[in-house]
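K.L.:
Here's the letter readout for the chains.
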Amino acid sequence: MKNLFACVLLLLSTVTLLSGCWDQQELTDLAFVMAMGVDKGKKEKFDVSLQVVVPASVASGQNGGGGQGSPVIVYKSSGNNLTEASRRAAKQIPRSIYYAHTKIFVISEELAKDGILDLLDALDRDAVFRTTTFVTIAKGGRAEDFIATLTNLDKIPVQKFIKTLQATERMLGENIKVSIDDILANLIDPGKEPVISAFRLTGNSKKGTTPQSVVTTKPPALVTADGLAVFKGGKLAGWLTGNEAKGAVWVMKKMQGTDINFNWEGKKDAVSTIPFISKTKISLVTKNGKPSMNVLIETSFKLSEINVPYEVTNSMSMDVIEKKTAEQIKKDVERSIHKAQSLKADIFGFGDYVHRVNPNIWKKMKGDWNAQFAKMEIHVKVDAHYRSAGKRNNPFWNDLKQ
Amino acid sequence: MSILSKMLKKKHQRRQSDNYRQILDPLKPDDLPIDRDVQMNIKHLQEEMGNSSDLVIRQIKIGQIGGALAYIDGLVDGKGISDYILESFTETKQISEESDLFQFVMDKIVAVGSIRTIRNWNALFDALLSGCTVIFLNGYSKALSGETRGGDRRPIQEPSQQLSIRGPKDAFNETLRTNTALIRRRIKSPNLWVETMKIGTITQTDVAILYVKGIANEEIIQEVRDRLHRINIDSIIDSGYVEQSIEDQTFTSFPTTYHTERPDVVASQLVEGRIAIVVDGSPFVLTVPAVFVQFFQAPDDYYSRFDLSTGIRVLRIIAFFIALIGPSLYIAATTFHQEMIPTTLAIAIAAQRENVPFPAFVEALVMEVTFEILREAGLRLPRAVGQAVSIVGALVIGQAAVQANIVSPMMVIVVSITAIANFSTPVFAMAISVRLLRFVLMALAAFTGFYGIMIGLMIMAIHLCSLRSFGVPYMAPLAPFNTENQQDVFIRFPIWAFKNRPQFISKGNTVRTGSNQKPAPPSQNVKESQNSEGKKS
Chain A
4 MKNLFACVLL LLSTVTLLSG CWDQQELTDL AFVMAMGVDK GKKEKFDVSL
54 QVVVPASVAS GQNGGGGQGS PVIVYKSSGN NLTEASRRAA KQIPRSIYYA
104 HTKIFVISEE LAKDGILDLL DALDRDAVFR TTTFVTIAKG GRAEDFIATL
154 TNLDKIPVQK FIKTLQATER MLGENIKVSI DDILANLIDP GKEPVISAFR
204 LTGNSKKGTT PQSVVTTKPP ALVTADGLAV FKGGKLAGWL TGNEAKGAVW
254 VMKKMQGTDI NFNWEGKKDA VSTIPFISKT KISLVTKNGK PSMNVLIETS
304 FKLSEINVPY EVTNSMSMDV IEKKTAEQIK KDVERSIHKA QSLKADIFGF
354 GDYVHRVNPN IWKKMKGDWN AQFAKMEIHV KVDAHYRSAG KRNNPFWNDL
404 KQ
Chain B
95 MSILSKMLKK KHQRRQSDNY RQILDPLKPD DLPIDRDVQM NIKHLQEEMG
145 NSSDLVIRQI KIGQIGGALA YIDGLVDGKG ISDYILESFT ETKQISEESD
195 LFQFVMDKIV AVGSIRTIRN WNALFDALLS GCTVIFLNGY SKALSGETRG
245 GDRRPIQEPS QQLSIRGPKD AFNETLRTNT ALIRRRIKSP NLWVETMKIG
295 TITQTDVAIL YVKGIANEEI IQEVRDRLHR INIDSIIDSG YVEQSIEDQT
345 FTSFPTTYHT ERPDVVASQL VEGRIAIVVD GSPFVLTVPA VFVQFFQAPD
395 DYYSRFDLST GIRVLRIIAF FIALIGPSLY IAATTFHQEM IPTTLAIAIA
445 AQRENVPFPA FVEALVMEVT FEILREAGLR LPRAVGQAVS IVGALVIGQA
495 AVQANIVSPM MVIVVSITAI ANFSTPVFAM AISVRLLRFV LMALAAFTGF
545 YGIMIGLMIM AIHLCSLRSF GVPYMAPLAP FNTENQQDVF IRFPIWAFKN
595 RPQFISKGNT VRTGSNQKPA PPSQNVKESQ NSEGKKS
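These protein sequence lines are chains A and B, in that order. Note that my numbering has the first sequence beginning at 4, numbered continuously upward. Note that my numbering has the second sequence beginning at 95, numbered continuously upward.
Isolated chain B, as found in the complex (with noise of 0.2 Å):
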């Protein structure tokens, strides 16, 4: 106990000293001003940048003063920057000697959307290596940046891994831009605020929070903005970085933030008060904070009727089960608990077991893993070789194996319905923490049989009910239970019933829907209202 709150102390020591990204990255130019003259800035520039070959500086002239523009190659629209840039340059002929020629350009010449006045050579990289075209100009120890962001992007595609029968078929790409466009689309409200900062010493990656003002919870949006703050780390390359730098419990193989593809439902999460994270470059955006409920909520469930969407989420938690514990099941039955499997059934198990040399454990490891093996290959492989791969695994697994009296037929299946249970969870993160924990539980089985399973999905429901996503218990609105907010846990209610919004996410301003929203034919209530008015008359 005593070595425990010793850890935590220490923990909890090194977390106070830890001011916000104190640790300048070495590698950082000092902050250095402008210099007025434009061949030494270019020089400074060049020399900064090691003569890098995409970095494209032209010189220019604005009647009698000289200046120079810079962009790097393959950030910027080239089109923008011939047209609305370079074209007004070389057209201008006549400067009015009196106005300040700085601000002549900035006024009358660079014709984009968004600019700035840069004084230090830390923003000037800043802008420069984010997409901008930058202004030098003689006599001037400033440049101007104009936004000419653009080169080639992946377009918006249709989700990969998310996939929908019915609703929205856009995702998100690797721009960070796009990616708030999507989210904006979808919810046009001035209450849509977005916040932006930089994460990465070397990387410099743009991470955005989004959440919406009024709803979202203002001390888990402080949350989030500090622990994003307290991210000092040198890179950031894809949001799973974030993930994992701002996640409350690190030894969890359960997730704790929601990750997603889809645009529409970071949109339904950002109005039940969550916050989503947007990491430039990744095509996941990060929501928070995340519940384990979530996991099982695909999109279609809201967007066919609620009957049927109770039936299959009610599935995907059975298919959660059977992912789990399937083969520990077969395990502790065929092992310990043989009286619980039917006589005939019994007796067929045996009879295939019959010239099997292995113990059930070991039979159920060597199919598992197997088949874990082929699930990653299938991931890697190029997409030729993945189809011979395939053919390979089924011969192997299926028949093969069978034949040559490694596995039964029944581990066969048991591996299988197992396998493609595990497929019918909506969000891959969940999926991979059970694949993890299935073997945890089969060798339980294999020591203890349905005891140890029970004990083994003990200490998992102990482990969840511990778990916090940025403060928020990770089991509610189970644990705690919360009457108002079971709309949408094993049983989706119509979209109408959606009174509150989830009370453990958002205070306040909970109320979602207007009341009486049932839907109802308009012809019988014209009936019943002259009814009642034949009877008082």
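Okay, chain A solo, but in the shape it has when bound (with noise of 0.2 Å):
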């Protein structure tokens, strides 16, 4: 009876043998793919290329240093559908594809304007890959150029562009880091259309491929961001850039910090602010059955420059800095709001906050919610707060002899 017992334990712990590990993979027989950028294809419909990390070079430390050799490998392959092309990239990788480090999804500019509804699924429906990953507009060029560009700040080609995107999207307020979820929640949503961040590629980038561009305090070629790509319908639509950008964070509720220029008696630029706190609120008015948005901006902002005699002390003269900034930044708002009703998207989600204050109105004009949004009233209103000059009170200007 022992011995049954016995037996029955033993044949029972070998099936833990038995089954093996079907799914363990080892680190090193994965190819990381830190970003992945889609091109419109030549013969097929799409180019796809793998920007593959090479560990060994990456890693400083045991052997040697590290720093041999490129950091990052392109591979490239071409398919009619994501899947298609990825798994045709196997034949040149020897290792297994593993997306799930990927970071950054980069799209060219020509692909976008065919539409990039066509890409979505694979990477929603792909358990590996998130769905949290960045995605950006190659502008002006293709994405393959992109993901082939050396840095010299950070290692990895990525880490620079999720930097990047971070960094102006704290300190100018010119992006937005938009993930696949954002862009397939907002695609499906008929109250708002989607943007993504654009990224620009400058300089030459036959250059900027070779390890020899990371060596330099001038890089051959630099990825630098560029404002907003719009959506609509699943194809990009336009541009916003420079203010226009800034204008349209500001009422997508995502402004974290940026700086506000404005002329002091005629002398260009003189004064300079940063908001850095701010807080936008939506309203939807109703007058004789005709809806109208009220946009109302509330901001806290510290002085940062000012390069004219100025008494900084004094809280009535600050009123009109207040005022300045305010203007300045209504602005750019109201002329982002213009480039987006001329191109009939609403990329702000004006149409989902109807929905929600107003479904009856909604109903009405949801049928065409992009027309309507572009023959719109929007009202800007913003109240700018000094709070904090620095660490000088009145600029070393007042005591200039003139």
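No lab work stands behind these hints: they were computed from the structure. Glycine included, each C-beta is placed from N, C-alpha and C at the ideal position. Please note that a few of the clues may not be correct.
On the chain A side, residues computed to face chain B include the following (Cβ under 7 Å) [as the list claims (entries may be wrong)]:
#: 1; residue: THR31
#: 2; residue: ALA59
#: 3; residue: VAL61
#: 4; residue: PRO97
#: 5; residue: ILE100
#: 6; residue: HIS104
#: 7; residue: PRO312
#: 8; residue: GLU314
#: 9; residue: VAL315
#: 10; residue: ASN317
Please dock the two separately framed chains into a single complex, following the hints provided.
P.N.:
Here you go:
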């Protein structure tokens, strides 16, 4: 009896061995795809390029300090859909392609104009690919060149993308991080159109792919953030750049920090202020059955620079600065709203708001919301509050003998 | 199922038939009465003990009557014998005729604390071999035994295993009497009761049960008594023998009795209602019932303030889990769940593992086993060699293995953290149990990743909940959950807030503190009372 029991136990325990480890993969068997770029294909629909990291040349340390050879390799393949293209890439890559650490998904401008809808299901469905991956548009170039460009601040080019994105979001307010999830959510939402941050490649893209480009202080090719791409119906409809992009970020309630510059007594951009806390309120007003939107922006700013003699300590005189800052913000915001209206793309999600607060009106307007949005009156009001002058009160200009 | 139930039934039957110590030791001599003739007795004694050289027999004479004195050299206090027994024998010249000589010797001559009359040989050997001096008198078929225990013993020293920063510095030694005294010095209550028995058919080891009458649960005391009486083995060398003979469950890696070398720990546990088992010859005292959370309570927790103790205890619990699942997390994350490692780290680990020929599991196993070997060797090696081994170990593990691409530096970090975390468990028995389970979890992680670790932990949790220590659920007061006994689990409440004794141990008498024990500056109270008085007036 005891023997039988032991036998059964032994047999059961071997089952765990038989099952093996079917989805076990060692780290060294994986090709970490850090960035994926999609271009319009020449023969087939998509040209996919994968930026695969070479761990040994990225990690510094034991084996000779690392840094020998390129930190990343870009593989290319093509196909009529994403799966086909990425599976074909396996022919070149000696390890199994691993998408879980993919940080950036780059879409070329050309392809974006044709429409991005065909890309999204593969990304959404795959269990390994993260839908929190950031999406960017390669403005005026091929996605392939983007992800092949080496940078010297961060060894892995993708880190550079991410950090640029985060830095401009915080410092400049011209970009927002958009993930695949965000795009999908905005695409299916009738009251909102997606925007995607755009990057531009400046300089010589050929030279930017060699390791030499990272050992110079003036990189031959740089990837720079360049505003927002507006999508409509899954196709690239237009661009918001510079202050327009800033204005759009204000309305989208994503403003973390930016700089506002304005002229003073004929001196160009003599005063600079930095809004650091901001709040945006949207409200719907219906007058005679005709809806209009109010956008109220409240912000607190610091004085960053003042290149004219000025009584900073006087609160009355600072009221003028407050007013000027508010005006400047209002100008940006109105410009971006006009741009969006001219593109007939409600990137701000006003439609969503109408749907929430007044479903009855929304039912009527839902059919051609983007057209309604283009016609709609939108009032912008900005309250800017002066909070701090920084380390100094009155500028040295006050004491400078004229 | 049926196989299992049959096996259980058999076991039960075996227990039933097992009447306490029915089988006598075949080597033990028959119980004979003591002879009237001293010379016969001496001869019998020498024969029984095979003329052992440590048996000392000294012929004496009181008046006209001959006698003999026997003791075991080394077990007795030699100076005491010569001062209080031999000297009075030699000095006594006059004996009043009418009195009984035996009674006279007992009353007037032998000047030691404890004295007993012995009538048969078994009792005589018991007394003789535990350090008493036995006195035969011609014409009396009985003997006297005087308490003269002594000899060389290890003095009370600082604890070597369970160290504490603050708190008493004395530890138990190998003498039962010293150990019970150390405990009694801390609990000066007549309610501290000591029951003694002899276990081990050959070793005849003294075992004492200590408990505080009125606090300890009577049922558990009876259960301890029963289980101790049931032990029928030839030898008890250490309290570990007793522990393994009385624990509820043999097939578990978790300790279901607590052992300590610190009298302060035993005292505090006795007051909580636990029962201590002191074994002669072992500096480790057992306490029962033991629960899981007890193994995370270090004596220092109670000697420093509650906030610090709580933080450190939480740290200890975290360390427990690191020691348990550290390497398995590494294996699972690097072979199944690469997406869970932050990108930069994943690439760094991949780069380190680039030249390592083994899968992560083998790598981890190699390192863990190497470390365990070093650890075990470090314990056993003579002190002079130990240094050399630790240097070799550090070099082998730390540097050479990495440079030879046998293991990755990350693995070295994981193994070191695991090893250090393992040492933070206050009680060795729990730490060693974790050491064993770690390998099981590593194998599970290598087969099925986090899923396997989760299954392993769940089985462990179920197993822990099924354990009992002398009828008390091992996971108490967590499972079954008891709100009133949470003062000493994860958060160590302030001492004045320990209102109740653990209810799963002691029944009835569970109130520990008076009301309003929270300390407060007196001036404030006065002010408040003055204010309220002022308002009243």
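K.L.:
With 7 Å as the cut and Cβ atoms as the points, is PRO97(A) at the interface with chain B?
P.N.:
violated (13 Å)
K.L.:
Holds or violated: is the Cβ of ILE100(A) closer than 7 Å to a Cβ in chain B?
P.N.:
violated (12 Å)
K.L.:
For the hint on PRO312(A), does the least C-beta distance to chain B fall short of 7 Å?
P.N.:
violated (50 Å)
K.L.:
Against chain B, with CB atoms and a cut of 7 Å, does the hint on VAL61(A) hold up?
P.N.:
holds (5 Å)
K.L.:
Does the CB of GLU314(A) sit less than 7 Å away from some CB of chain B?
P.N.:
violated (50 Å)
K.L.:
Given HIS104(A) was flagged as interface, is its beta-carbon under 7 Å from a beta-carbon of chain B?
P.N.:
holds (5 Å)
K.L.:
Hint check: is the beta carbon of ASN317(A) less than 7 Å from a beta carbon of chain B?
P.N.:
violated (50 Å)
K.L.:
Interface hint check: VAL315(A), Cβ to nearest Cβ on chain B, cutoff 7 Å. Holds or violated?
P.N.:
violated (44 Å)
K.L.:
Next item in the hint list is THR31(A). Is there a CB on chain B closer than 7 Å to its CB?
P.N.:
holds (5 Å)
K.L.:
Interface hint check: ALA59(A), Cβ to nearest Cβ on chain B, cutoff 7 Å. Holds or violated?
P.N.:
holds (5 Å)
This entry does not satisfy hints 4, 5, 7, 8, 9 and 10, going by the numbered hints stated previously.
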